[in-house]
Amino acid sequence: MNAIIVSAFLGVVMMFASWSIKGENKQKNIALFGLIFLILANLAQLNGWFVAEVDTNNMLSFTRFGLYTNTLFYCLTLIYIWINGEEISKIGNHAADFYALFFFILCGASILTSFNNLLMLFIGIEILSIPLYILTGSDKKSLFSNEAAIKYFLMGSFSTGILLLGITFIYGATGSFNLIPPDPSVLNEQFMFSAGLILIFAAMNFKVSAAPFHFWTPDVYDGAPTVFTSFMATIAKSAGFIAFINIYLVQYKPFEKTWGIILPLVIISTLMVGNVTAVFQRSVKRMLTYSSIAQAGFMLFALYGTSSFANEGILLYIVVYSLASVGIFAVLVKMKENSFEAFHGLAKTHPLLAFLTTVFLCSLAGIPITGGFFAKYYMINAVLIAGAGIWLVVVAMIFASISVYYYFKLIQAMYFIPGTPAIGELDKSYTYKLAVLAILILVLGVFPNLLFNYLYF
Amino acid sequence: MLLSFILIPFVTALLLLFIKNGKSANTIAIVSTLGTLVAAIVLAGNGAVDFNAPWIPVLHAQFFLHADGLAKILVLLTAISFPAIIIATSQNQPKQKNIFLSLLLFAQNGLMGVFLAGDALLFYFFWELALIPVYFLSSIWGGEKRIAVTFKFFIYTFLGSLMMLIGIVFVYMHTSDQSFLITSFAKANLTAGLQVTAFALFFIAFAIKMPIFPLHTWQPDAYEQSPTAVTMVMSAVMVKMGLYGILRWLLPLFPTAFVAHINVVVILSVIGILYASFIAIRQDDIKRLIAYSSIAHIGLMNAAIFSHLQIGIQGAMIQLFSHGINVLGLWIVADIIEQQTGTRSMQQMGGLAKKQPTLAILLVGFALANIALPLTNAFVGEFLMFNSLFQYNIWVGAAAGVSIILAAIYTLNMVQKVAYGEVSTQINQMQTINKPAQIVLIVLLIIVFVTGVFPQPLFDLTADSLQQIFVK
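So the sequences go chain by chain: A and B.
Sequential numbering from 1 applies to the first sequence in our numbering.
Sequential numbering from 458 applies to the second sequence in our numbering.
In short, the hints are calculated from the structure, not lab data.
Keep in mind that the hints are not guaranteed to be accurate.
So the derived label-pair ranges between C-beta atoms look like this [as the list claims (entries may be wrong)]:
hint : chain 1 : residue 1 : chain 2 : residue 2 : range
1    : A       : Ser308    : B       : Asn720    : 53 to 59 Å
2    : A       : Val276    : B       : Gln913    : 55 to 61 Å
3    : A       : Gly92     : B       : Val488    : 55 to 61 Å
Treat the numbers as computed from the prediction; the structure is a model and nothing was measured.
The beta-carbon is built from N, C-alpha and C at its ideal position, and this holds for glycine as well.
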């Protein structure tokens with residue numbers, strides 16, 4: 001509860017800060033301090049030092065897993081703002097507004113890690129989504145950004161409608177919004193219950209951009225300002241995954257036979273659409289959006305989980321994928337254009353930056369000694385332990401090797417093709433910040449268990 | 458002790474990144490690789506050694522290194538190859554020498570890890586680590602078509618290793634104590650059906666790496682386009698990773714599935730041998746000729762291993778070492794000629810014996826070893842391997858035996874074109890070859906004949922591994 005209250009409060013604080021405190025740097029620092037405070041508040045609950053008691057009628061329940069996930073989200077946001085602060089202030093006139101939106105998104109994410117009730121799921125998703133629509137359209141003078149925002153808003157609303165319909169069906173079948181799986185004998189309308197589950201499944205797929213509900217993703221991610229794409233594709237999307245897992249893996253696992261048939265189809269089509277389309281992209285940004293669809297396919301494997309591999313794996317995947325994506329988008333922000341040609345010869349002029357980009361790309365591709373390898377490893381292990389059939393993993397791995405094709409195309413552009421890179425001004429300190437990301441990825445690539453040490457106590 | 462094989466190359470490689478001076482970088486690399494060589498010789502003289510440290514406790518993965526005979530012989534080969542390669546090619550390394558050497562040493566680090574790892578996850582780790590530096594080396598400093606060719610090689614191998622990863626997880630799930638150790642893997646309760654699945658997943662990775670017949674298409678291009686030092690690493694050491702994988706992991710872990718697939722694999726290998734030999738005859742490019750000849754030799758080793766007879770496997774273990782030495786010698790000679798004449802076409806060579814008698818003698822020496830003439834090291838291994846193939850099936854043995862004749866045709870043809878005849882204009886440009894390269898070649902040639910005449914140390918070295926495979 002601490003985190004939900006504090007994040008909402010901080011959101012309001014940042015809104016006021018936008019006119020009462022001048023200077024973008026100051027505003028950024030306030031946001032960073034706020035985040036640290038948020039992390040401390042959340043840790044206070046995690047360790048039972050101080051817990052704000054609010055009677056929610058069991059609509060929210062705070063598990064260790066949920067609270068730990070919160071911490072990870074906040075830390076990732078902290079890193080994200082620390083790196084991208086300058087770029088954020090370049091967009092629009094009031095940077096503090098964006099920070100306020102980030103805090104609201106985090107508030108939604110905190111609800112999504114702890115909901116125990118379908119209405120709370122709905123509220124969490126809406127609190128998360130509406131700021132995202134605004135962030136997408138934040139570059140008011142760009143037509144692409146406006147188009148993306150409208151598209152996202154319309155399609156997002158539509159999927160919310162589907163979500164609500166699903167919730168209604170489940171309410172009709174069980175007579176309760178609570179997520180506690182009903183006694184099968186009480187289910188008077190089995191069909192209605194299954195339909196509800198599948199509708200919610202579809203709506204959640206939309207939120208995490210899994211095929212065939214992915215159509216909004218490329219345009220929205222491409223149209224949004226690159227800094228915000230970075231946030232949307234990583235932290236915001238991961239919150240959707242946690243919600244997804246919370247419903248289907250934790251609560252509705254016993255009803256797997258209704259949605260379990262669709263799951264492999266969704267996974268394979270997501271992997272196929274993401275990976276195959278990414279191969280043909282000419283713009284790095286668009287390639288990364290399709291790659292984010294492809295990565296979602298891998299993250300969906302966690303839904304098979306019957307073991308700790310699934311829970312741990314999704315956390316590791318979220319962290320590693322977010323670190324790498326934040327890193328690569330942070331490089332992309334500095335480029336003058338988004339084409340592959342812009343990267344030609346980067347290794348000659350900016351050797352360290354090129355190396356760091358290589359680490360991020362290798363992590364996305366899942367190559368050992370980067371964290372991405374263990375993320376994929378945990379997913380494979382989860383699926384195989386759940387007994388989902390080895391063919392699914394083999395297909396996924398074939399797509400993973402296709403992904404190497406487009407990730408390494410960027411490495412080729414940087415290292416092997418001579419040219420002058422179209423890169424803007426770059427501080428030394430900016431590169432060093434990215435180096436911190438790369439080091440985190442490499443450390444998790446050799447000792448992934450560092451992430452889980454704190455999960456169980 | 459075992460850790461030094463991982464650490465020496467790794468630390469030197471890191472160090473080299475900061476040494477801009479090409480000359481001192483070269484010296485450091487040579488000293489480091491010679492140090493590894495000394496360690497390898499000491500290791501070969503000792504009994505089996507282990508190193509164990511915890512790594513990822515959640516997964517029960519351990520940093521477990523284990524050196525038995527099979528590992529030792531390949532560690533020795535790696536340790537000999539790297540200083541030889543660095544010394545012999547030190548004249549024609551690219552501008553950013555330190556980066557080039559650093560990547561080479563990272564590759565050595567990965568290779569050593571592959572040969573020593575006794576933990577499946579660690580094995581997979583090093584398996585990939587050996588590949589990545591090679592990808593960069595070839596893509597940056599290779600020939601004209603380098604990017605596409607190396608990329609094909611990379612994706613091919615990566616796909617294979619991902620399949621192996623699934624296989625590793627698959628077996629891991631079936632171990633009783635949830636461990637990646639090779640000893641636990643060997644005790645995993647796999648039924649015959651599950652063994653076949655695991656076998657297939659591992660085998661794809663090894664087959665691509667070797668490569669076996671239908672999966673070989675990446676190899677000649679990659680050999681041709683890579684910088685020569687990298688080609689040497691690939692053909693002398695890296696292809697051995699596949700064969701090593703079969704001997705270390707496939708055969709002991711999935712014996713039932715192994716026996717069930719003997720026929721398919723042997724026939725594929727024999728097709729590969731003949732196919733590669735026939736193509737080698739038609740080659741004019743000396744690098745491609747050596748590449749195809751290498752495919753044929755690797756195919757023979759694979760066929761002998763899959764004959765599942767003790768002598769065949771013994772022969773293959775020795776040949777792993779001998780083939781590495783021979784092919785290394787051939788590459789170095791070919792490289793010297795190419796560097797000085799600027800051509801790889803054998804049409805344009807000729808008269809080497811008149812112009813450069815020493816080099817010609819060395820070439821002939823390695824060529825004879827390539828045909829496995831008695832007194833050379835390859836004879837010992839190949840004799841045992843053909844013997845096992847004849848015992849396995851006389852027709853298969855006969856078909857594989859044809860390759861001896863074919864090998865003689867293309868190798869002697871090469872010698873004839875390059876060494877004898879009129880002195881061509883290109884050969885006429887040649888100047889004296891540098892001393893270090895000459896010394897390396899002479900040392901290699903000495904190894905060829907010493908182990909050819911007196912192969913007993915190699916038998917002794919591999920005895921324990923052989924026994925382990927056949928006691929089960």
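Hints versus structure:
Range check, Ser308(A) to Asn720(B): Cβ separation about 43 Å, and the 53 to 59 Å hint is violated. Distance hint check: the CB atoms of Val276(A) and Gln913(B) are about 57 Å apart, consistent with the given range 55 to 61 Å. Our hint of 55 to 61 Å for Gly92(A) and Val488(B) holds, since their Cβ atoms are close to 59 Å apart.
Comparing the model with each earlier hint shows a violation of hint 1 alone; every other hint is respected.
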